[in-house]
Amino acid sequence: MSVRTGDSRAFVPRASTRRERASGRKENDGRFAFWLVVPAILVLTVVIGYPVIAALVRSLFSDPIASAPRFIGLDNYFSALWGVNSGKFWDSVGVTYFFAAVTIVLETAIGLGMALVMNQAFRGRGLLRGVVLVPWAVPTAVAAVLWKWSFDPVGIINALTGSHVVWTGSDWPSKAAIVIADTWKTSPFIALLILAGLQIIPGEVYEAAKIDGAGAFQRFRLITLPLVRPALLVAILFRLLDTLRMYDLPAILTHGANDTTTLSILVVQATLNELKPGFGGALSTLTFLLIFVTAYAFVRLLGVNAVEAQIGGGRGGKR
Amino acid sequence: MRRRLTRLGMGLAAVAAAATTLTACGTGGGTTGNGTGPITFASGKDLTGAMPQLLAEWNKLHPDQKVTFIELSASPDDQRNSFVQDLQARSGKYDVMWDDVVWTSEFAAHGWLEPLDKAQVGGPDVLPAAVDTATYQGKMYGAPFMTNSALLYYRSDLVPKPPTTWAELQADCAIAKAHDMACYVGQFAQYEGLTVNAAEAITSAGGSFLSPDGSKVTVDSPQARAGLQHLVDMFRSGNIPAAALTYQEQESANAFVTGKAMFLANWPYVYTAASAAGSAVQGKFGMAQLPGPNGPGIASLGGIDLGVSAFSKHKQTAKDFVAWMQSESSQRVLVKVMNQASVLTKLYTDPDLTKASPYLPTLQKAELTAVPRLKTPNYNAVSLAIQKNVYAALQGKVSVDGAVKQLAADLQQAISAA
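Quick mapping for you: the protein sequence lines, in order, are chains A and B. When we follow the working numbering, the leftmost residue of the first sequence carries the number 1, and every step to the right adds one. When we follow the working numbering, the leftmost residue of the second sequence carries the number 1, and every step to the right adds one.
Hint data in this document are derived by calculation from the structure and do not stem from the laboratory. Keep in mind that the hints are not guaranteed to be accurate.
[Stated by the list, open to error] To list a few chain B residues with every Cβ distance to chain A over 10 Å, as calculated:
id	residue
1	Phe69
2	Asp125
3	Gly206
4	Lys216
5	Gln229
6	Tyr359
7	Gln413
[Claimed, not checked] Here are the computed lysine-lysine pairs in the DSSO-like style, where the Cα-Cα straight-line distance is at most 30 Å:
id	chain 1	residue 1	chain 2	residue 2
8	B	Lys397	B	Lys45
9	B	Lys216	A	Lys88
10	B	Lys177	A	Lys148
11	A	Lys148	B	Lys388
12	B	Lys346	B	Lys60
13	A	Lys88	B	Lys397
14	A	Lys175	B	Lys388
15	B	Lys60	B	Lys336
16	B	Lys355	B	Lys260
17	B	Lys260	A	Lys148
Bear in mind that the values here come from a model prediction, so they are computed numbers and not experimental data. We put the beta carbon where it would ideally sit given N, CA and C, even for glycine.
Please construct the entire structure, taking both the sequences and the accompanying hints into account.
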C-alpha cells in the first residue's frame, strides 16, 4: 500500500510536468498559428470586410444628384421590397431562382451521368476526364462570348438546326440560350465532384451486391446513390451559391434584356449605370440575404443528414 | 480572443481608410501654385493609333506640362465606369476625361467637372449643337472635341436616289426583297443604341421624351406614337429583319458591308469599312441624311466632350489642353488621320478634307438639324426606361399605345428620383 502510494506520489509530479509541458506547447502552437493567420485576416479585412461594411452603411443613405447623401434609414430596402422599385426587384428574384432551379436540375442529371461513365474502366478514360473539364476551364466571360456567336441569328446553332430563331431577341429563346450555355459550362464541375465521391465506394460492396442478386438499377439506387449523396449535395450547394449570383452569362448574352435581368445585373445597373450606390448597396445586401437564407435552408433540409451519415459511418467504424 | 480580433479588424479598417485618403492626396505630385504641371488624359480605346502622335505635339510645345495618355476600354460603358469610380473617390487620377456627350450634364450635376470658359471652347466656330451638349445650367462643363451624327448608308447600285421620307424608304424595300436582302437595319438590341434609334424616329415625327429643361415628361403624344409606330411597322412587315433585335453598331454595320442589307443607319465611321478592299459594297454605296415622315429626319447627336476633373491638381494646364485639342491644327488631325467628325464648322467645306472624306457636307447638313440626346442628370435611368419599353413594342409584346403610356410612367419615376 505504502509502496503503491509512494509509487503514485512519485508518479504524479512527473505526469503533471508532462501535462504542463504539453499544454505549454499547445499554447505556443496556438499563438504561433494565430500569428500565421494574421496576414490572411489583415488582407480579408481590407478587401472583404471594409467594402461589405461600407456598402451596408451606404445602403442607409439616399442618392441625391447634386448634394450630399442623407441618412434615410431602411428606405432603400422598402423601395426595393414593396416601393416604387419592387417590380424590378421581384422580377429579377424570379429570374434568378428560375435560372438556379433549371440549371441545377439539368446539370446534376447530366453531371451524374458523366461521372458514372467516367467511373467505368475503359481505354482512354484519363483522356476523357481531361477533355470533359475543358468547358469548366474556359473563363465564363469567354464562354459567354463564344455562345453569343453561336446563338447569332446567322450563327452556327441556326445553321445546324436549319431554324431561324432570333435567340437573344425574345424571352424564352434568351432564357434557353443562357440555360444551355450554363449547363454546358458547369456540368463537368458537378461530374468531377461526383466522380470523386464514386471513387471512394469500395468495389467489394458492388461484388457482394451482385452475388446477392441485385440488378444494375438496384445497385445504383441502393449503393451508389446513398454513398455518393454527400458529394452530390456539396456539388449542388456550390452550384446553388454560384447560380444565385449569376452575372456574366446573361450580361454578355443579352445585357439583361428579354427578362433575363438577374439580381447581380440589377445591382450593377443601379450602382454603376444609374449612379445610385445607396440603392445598389441595399440591393446587394438583399441579394446576400437571399443567398444566405437559401443556402442555409438547403443545408438544414438536406445537408444535415449528409453530415450525420458521415459521422455515423465514422463511429460505426470505431465500434 | 474574439474581442481582440474585432479590435484588430477595426484598427485595420482605420489604417486602410487612412491609406486611401493618403494616396488620394498624394497623386497630385509637384503641385504648383498656378495649377500648371503634368496632366493625364483618359480616352476610350484609340482605334486609329493617332492619338499618341497628336499628344506628342502638345508635349513638344509644353515640355513642363506633359500630358500622359491613359487608354481605356473600347466600350463606353466601361469607360464610364472607370470615370465614375475615380470621380466618386475624388482621386483626380484622370485630369482630362473623354466624356460621351450624354454624360456631361450628369457629371456636372454631381460637381465632378470644372466649369470652362465659354469664350475659349464654345465660340462661334464650334457647332452650336455640340456646344449645347457641353452646357449645363448655362455654364460649359466640357470642350466639344468631336461630334457625330447618324447617316443613312444606301446601296447606290440598287437605289438611284436615296429616300428622304419614310414612305419612300418603304417603297424602296421592294427592291431589297427582289434581291433577297434585308431592307433596313439599325441598332435595335436593348442597349444605348436603341435609345438613339428610337429618339431619331420619335423626334423626326415631332415628338420628344422630356421638356427641354428635363423637368417634365412629354412622351405621351400622338407624334411620339407615330414615330414608334413607324419602327414597329417596319419590323412587322419584315423590312427591318427580326435579327436586328440583336444588332448593336458592329452587327448592323456587318450586315451592310457584307451586302446583306440595303439601308443602314449608323455613324460616319462605317465609311472606312464599307469603302475598304474586301467590302462587298466597295464603290456601290452612298450616304445621305436619315429619312423622316415628310423629308429628312432628325438625327441623334453623338460625340465627345473633353471634361476637366474637379479634382485635378493642375486645372490650368488641363483647361489649356482641352482648348488646344479643339484648335484647328488638332481638329485637322482628327478629321484627316482619325476619320472623325470635327466640331469646327469650317472644316466641313475644306477642299483638302472633303477630298478624303466626301461625306463631310452631308454630315454637316445632318448635324445642323440634329438634336442632342436628352439632357438630364438622370440620363442613364431615362435611357434604360426608353430601351425597355421601346424594345417591348418592337418585339410586339405590347402595343405602341401601351408602350408609350408605360414609358411616360417610367420616365416620370426616373426624373423624380431623389
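How the hints compare with the structure:
For B/Phe69, the non-interface assignment is confirmed: its Cβ lies about 24 Å from the closest Cβ of chain A, beyond the 10 Å cut-off. No Cβ of chain A approaches the Cβ of B/Asp125 within 10 Å, the least distance being about 32 Å, so the stated non-interface status holds. Distance to chain A confirms B/Gly206 as a non-interface residue, since its nearest Cβ pair spans about 28 Å, more than 10 Å. With a cut of 10 Å on Cβ distances, B/Lys216 stays outside the contact zone with chain A, its closest approach being about 17 Å.
No beta-carbon of chain A is positioned within 10 Å of the beta-carbon of B/Gln229; the least distance is around 20 Å. Once the 10 Å rule is applied to beta carbons, B/Tyr359 is consistent with being away from chain A; the minimum gap is 28 Å. Residue-level check failed: B/Gln413 sits 6 Å from the nearest beta carbon of chain A, not beyond 10 Å. Using a Cα cut-off of 30 Å, the hinted pair B/Lys397 and B/Lys45 is violated, with the two alpha carbons roughly 37 Å apart.
Of the pairs offered as hints, the one joining B/Lys216 and A/Lys88 holds, with about 23 Å between alpha carbons and a cut-off of 30 Å not exceeded. Under the criterion of a C-alpha separation no larger than 30 Å, the hint pairing B/Lys177 with A/Lys148 is consistent with the structure, at around 28 Å. Our distance criterion of 30 Å between C-alpha atoms is met by A/Lys148 and B/Lys388, whose separation comes to about 21 Å. Distance check on the hinted pair: B/Lys346 and B/Lys60 sit about 27 Å apart at the alpha-carbon level, within 30 Å; holds.
In summary, the hint linking A/Lys88 to B/Lys397 is supported, as the alpha carbons are separated by about 18 Å, within the 30 Å threshold. Annotation: proposed proximity of A/Lys175 to B/Lys388 holds, straight-line Cα distance about 17 Å (limit 30 Å). This hinted pair checks out: B/Lys60 and B/Lys336 have alpha carbons roughly 21 Å apart, not beyond 30 Å. Proposed proximity of B/Lys355 and B/Lys260 is supported: the alpha carbons are some 28 Å apart, at most 30 Å.
Pair hint B/Lys260 plus A/Lys148 holds up; C-alpha atoms about 20 Å apart against a cutoff of 30 Å.
Of the numbered hints stated above, those contradicted by the structure are hints 7 and 8, listed in ascending order.
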